Amino acid sequence: MLAFFKNLLSLILPPRCIKCGKVLSGDDGLCPDCFSEITFITAPYCAKCGRPFEEVTVNRPLVCPQCIQDVKSPFRLSRSAFVYDDASKPLILSFKFHDKTENAKVLALQMKRAGADIFRAGIDVIVPVPLHYTRLIKRRYNQAALLAGELGRQCVLPVDCTSVVRHRRTRPQVEFSGHQRIKNVKDAFSVKHPECIRGKHILLVDDVMTTGSTLKECALAMLKAGAASVDTLTAARVIR
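Per this note's numbering, residue 1 is the first one in the sequence shown, and the count goes up by one each step.
In case anyone wonders, no lab produced these hints; they're calculated from the structure. One thing to keep in mind: the hints can contain errors.
What the hints assert, rightly or not - Listed below are the simulated PhoX-like cross-link pairs for lysine-lysine, each with C-alpha atoms no more than 20 angstroms apart in a straight line:
id, residue 1, residue 2
1, Lys105, Lys22
2, Lys186, Lys72
3, Lys186, Lys224
4, Lys192, Lys224
5, Lys138, Lys100
6, Lys89, Lys100
7, Lys22, Lys112
8, Lys183, Lys224
9, Lys48, Lys112
10, Lys89, Lys105
11, Lys183, Lys72
12, Lys72, Lys224
13, Lys48, Lys72
14, Lys22, Lys72
15, Lys138, Lys96
As the list claims (entries may be wrong) - Between beta-carbon pairs, the in silico distance windows are:
id, residue 1, residue 2, range
16, Lys22, Lys192, 39 to 45 angstroms
17, Leu13, Gln69, 47 to 53 angstroms
18, Thr42, Gln154, 18 to 24 angstroms
19, Gln66, Lys138, 19 to 25 angstroms
20, Pro158, Glu55, 36 to 42 angstroms
Please read these numbers as outputs of a predicted model, since none were measured by experiment. Cβ atoms here follow ideal geometry from the backbone N, Cα and C, with glycine treated the same way.
Could you build the full structure based on these sequences and the hints that come with them?
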């Protein structure tokens, strides 16, 4: 009976591409044309931070120079599903600012694929990067929390949206660059319920990684509260 109603609903409201709106035959969320425009991040990439390598012929895990130098990185592993560019930007912006919350399911599906080695390494709980309550009121939803919720359902993992808070209101990171981004989010996060974080392997989720400053500050707060490890997973990543 449930299958009947699902089939009936798909006839009345067929699935559409989340980018161009074209009717789809399946539930992938992207039509073949839009899918081919997205630059998905696949091997070869840095075994630690997930940054893609342009030309590597060695068939073994490699670590990028930045990760070799950054021995104090708070992340165990970092992964992103695709490159944030002109082709993928509409997916993120419509999801983040224009109420296209249905994009979360499709984005989370690609994030699950990109984070396969993180899930194999072991995750206890998924935590979204929190918004300050004033921004949450203005936006009405936290896009990172929606992604975390979808990932939790798809991967059958618990999601914690309350233990980590952004206690200091910060300016949007898009207004800054480089060290200004680091300064903007410095000490902006705290752990409200450390007993829910202590000893856990955490997967920290956000929509886009640009410089990683926000993710790092959030991860440092959780490690300070006793987290065993923090991995990061985003839908998109800026590659410079």
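Hints, one by one, checked against the model:
no., hint, result
1, Lys105 to Lys22, "17 angstroms, holds"
2, Lys186 to Lys72, "16 angstroms, holds"
3, Lys186 to Lys224, "14 angstroms, holds"
4, Lys192 to Lys224, "12 angstroms, holds"
5, Lys138 to Lys100, "16 angstroms, holds"
6, Lys89 to Lys100, "13 angstroms, holds"
7, Lys22 to Lys112, "24 angstroms, violated"
8, Lys183 to Lys224, "19 angstroms, holds"
9, Lys48 to Lys112, "17 angstroms, holds"
10, Lys89 to Lys105, "17 angstroms, holds"
11, Lys183 to Lys72, "18 angstroms, holds"
12, Lys72 to Lys224, "14 angstroms, holds"
13, Lys48 to Lys72, "13 angstroms, holds"
14, Lys22 to Lys72, "46 angstroms, violated"
15, Lys138 to Lys96, "12 angstroms, holds"
16, Lys22 to Lys192: 39 to 45 angstroms, "43 angstroms, holds"
17, Leu13 to Gln69: 47 to 53 angstroms, "51 angstroms, holds"
18, Thr42 to Gln154: 18 to 24 angstroms, "20 angstroms, holds"
19, Gln66 to Lys138: 19 to 25 angstroms, "35 angstroms, violated"
20, Pro158 to Glu55: 36 to 42 angstroms, "40 angstroms, holds"
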